[in-house]
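With chain A held as given, fit chains B and C onto it using these hints.
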Amino acid sequence: MDLEDDIEFSNDEEEITADTVLKTLQSAWQNERLAPEILPHRNDMVECMLGQIQHMERNINKLPKTDLRASIHKMELSRIKFIICNYLKTRLNKIEKYCIPILNEEKQRIDSGTNYLTPSEYKYAQEYLLNLESHLKTVVLNKVPNNMQTFEMSKMAVYPNLQTHVFLQANETVNGVVLEDIFGDQDEEIDLEEGSQHILQYKPIADLVKNGKVQLI
Amino acid sequence: MTNSNYLNISDILVSNEKIPCKILQDLPKMGFLDPSATEDDLKVGSNVEIPLWLGETLYSRRPPLVSVDLPKIYKDAYREILNADACTIDLHKFAQYFYELGCYIAKYDIKGEVATTLVNTFKQRFRMLLAASVSNDSIGTMQPLSVSERERAAAAAATEHALSAWLQRGDSPLTTACMVANHRKRKRAEMEML
Amino acid sequence: MDPYEIEFIGENRIISIIPNFSYDKIYLICGEFGPFRAGLPLNVPLWLAIMLKQKQKCRIVPPDWMEMDNLENLKEEEKRSRFFTKMPNAHYMVEAKLILGAAGDDIPNSAEIKTIIKDIWDIRMSKLRTSMDALMKSGGSYGRLDHLTMMEINSVKPLLPAAMDDLLRIQMMAKKPAPASLNNSTFSQSGNSQNV
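Protein chains in written order, with UniProt numbering: chain A, 1 to 217; chain B, 1 to 194; chain C, 1 to 196.
Quick caveat, the hints were computed from the structure, so don't treat them as lab data. Keep in mind the model is a prediction, meaning the values are calculated, not measured. Where a beta carbon is used, it is the ideal one built from N, C-alpha and C, also for glycine. Heads up, a few of these hints could be off.
Claimed, not checked - Below, computed lysine to any residue pairings styled on SDA-like, alpha-carbon distance capped at 25 Å:
{"hint": "1", "chain 1": "A", "residue 1": "K123", "chain 2": "A", "residue 2": "N147"}
{"hint": "2", "chain 1": "C", "residue 1": "K157", "chain 2": "B", "residue 2": "C87"}
{"hint": "3", "chain 1": "B", "residue 1": "K123", "chain 2": "C", "residue 2": "N154"}
{"hint": "4", "chain 1": "A", "residue 1": "K89", "chain 2": "A", "residue 2": "E106"}
{"hint": "5", "chain 1": "C", "residue 1": "K157", "chain 2": "B", "residue 2": "P35"}
To be verified - Beta-carbon label-pair distances, calculated as ranges:
{"hint": "6", "chain 1": "C", "residue 1": "P158", "chain 2": "A", "residue 2": "T138", "range": "33 to 39 Å"}
{"hint": "7", "chain 1": "B", "residue 1": "A131", "chain 2": "C", "residue 2": "R37", "range": "51 to 57 Å"}
{"hint": "8", "chain 1": "C", "residue 1": "M68", "chain 2": "A", "residue 2": "P64", "range": "41 to 47 Å"}
{"hint": "9", "chain 1": "C", "residue 1": "M68", "chain 2": "A", "residue 2": "K62", "range": "35 to 41 Å"}
{"hint": "10", "chain 1": "C", "residue 1": "N20", "chain 2": "A", "residue 2": "E193", "range": "41 to 47 Å"}
{"hint": "11", "chain 1": "B", "residue 1": "S164", "chain 2": "A", "residue 2": "D191", "range": "32 to 38 Å"}
{"hint": "12", "chain 1": "A", "residue 1": "P119", "chain 2": "B", "residue 2": "Q25", "range": "56 to 62 Å"}
Here chain A stands alone, though its shape is the one from the complex:
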């Protein structure tokens, strides 16, 4: 079976191997699982991998059912599908839980072209919030006294805890990460050497997760 291993990226000239796409996707999945907030989407990688899977599945169908190679390919595809499904589900869970702040922040990000959600995730979030509101109105708000009937968005908002502590491994050396002292007068700087592992607050390293300099573990 001759399977095309390389995928060409339509939006830039650079060629990227399926293997690299898979590794990127796996690290995005791991980060998404372990980060308290929603991370910038990697829809490029998801789409690319889904294309690969389709291509591969067509080829597998050409093989006899009992062929050992077919079962090996199927096993690999199941593994990749698990990562993609779990990745997308994890994002949907966060979108539902932190719907209100995510939508508020996303509106500003869309203006500057740095959106975190895919267009379909954005639509999902908006519809989810509308459903939540109309459900609460039907079930509770319409039945309480007039002055208590408003759906108070700010009170309903649940925020991710960015001060939560996370484990990470540094992909490359990052010097001078500032750990804020909670009382504001004794901030401390630490260096994250390549390969070293730490437990610390998410907030000061959030950008490092997003730009790939550290991996959550």
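Okay, now just chains B and C, sitting in the frame of chain A:
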């Protein structure tokens, strides 16, 4: 202890905990707040135990209608014990929302000693959480823990169980084979009876 | 995360097998493997090795680190040091468990090897509990944990990060004056601060 937000149930439960307050102004028709009161009105100087949410509201009036006193567990006598060895105290019995209530109460303690005690107590008692998460006697080790400590210990025990289940899986194929064999034997026995 | 998810991640590691069949190269998404020549060793991902073994299509070549001598040294080192020693493999427990579980017959002294790896694991787990307690006592805001494997780190979740979160919240809510210094704790030798 969970992130506090408007709809957080445990935060609501904490705000229902009773705190001792001293009444600073006569409060007409509020006598029902003091079970020992004989009159309809609540008089200046009465001591009452009222829920935290009410105490905070009355305290925040200008001028304040009450002064807030520390619940027993945050006072000198208990603080001394807690600072000496926090692990000896049954928080579930004395203050099941010890940390959460303490965070609200700490601001009424001008000397800041309550805050120090909360932090020290938490640090010292961490080893009780560790012990409870791996203990075979989960009832005994969980008993003296506060509500939030119990939640933490239970989550840690769940991790521990998942891990030992993972470690044991496939490790003793003999047991499985044995069970299958017995099952077959039972089936055969059943069939022979027919 | 669930231990099975960590196992899933660990299954991407490459190990060596000796197939009993011959095939050309196979082009997987995660890379190309083969050609498979009956009787000749080649490298494949762990998940593939286990799958082939279960289908009785290969023998698994025990990884070097899984030899008795190496493991005995490792165990001694782990016992001697107050810190976590560097493991020969970032998913040693996953690899050991899967290989010994599926291919015990390919590994000489598999029972002894299983025991000694479990010993090393137990020493490290008890060290980990002591380190966690020390980390919390010393301030519980930052810790360095080199050489701990993902499965080991996962075993302290959610307890350790949650306790650190709780402590931070108590400190912020109770608005206590600043402590003397930021408390560093380190789980390993290479940390730049004091010992655990």
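Results for each hint:
Note on K123 (chain A) and N147 (chain A): the hinted pairing is violated, with a Cα-Cα distance of about 31 Å set against a maximum of 25 Å. Only pairs whose Cα atoms come within 25 Å are accepted, and K157 (chain C) paired with C87 (chain B) is accepted, the gap being roughly 23 Å. For the suggested pair K123 (chain B) and N154 (chain C), the alpha carbons sit about 22 Å apart, so the restraint of at most 25 Å is met. This hinted pair checks out: K89 (chain A) and E106 (chain A) have alpha carbons roughly 19 Å apart, not beyond 25 Å.
For a cut-off of 25 Å, the pair hint linking K157 (chain C) to P35 (chain B) is broken: about 47 Å separates their Cα positions. Hint check: P158 (chain C) to T138 (chain A), Cβ distance near 36 Å, so the stated range 33 to 39 Å holds. About 55 Å separates the C-beta atoms of A131 (chain B) and R37 (chain C), a value consistent with the hinted range of 51 to 57 Å. Between M68 (chain C) and P64 (chain A) the Cβ separation comes to about 44 Å, which falls inside the hinted range of 41 to 47 Å.
A C-beta distance of roughly 47 Å is found between M68 (chain C) and K62 (chain A), which places it outside the suggested range of 35 to 41 Å. For N20 (chain C) paired with E193 (chain A), a C-beta distance near 45 Å keeps the hint of 41 to 47 Å intact. For S164 (chain B) paired with D191 (chain A), a C-beta distance near 37 Å keeps the hint of 32 to 38 Å intact. Separation of P119 (chain A) from Q25 (chain B) is about 60 Å and conforms to the stated range, judged on CB atoms against 56 to 62 Å.
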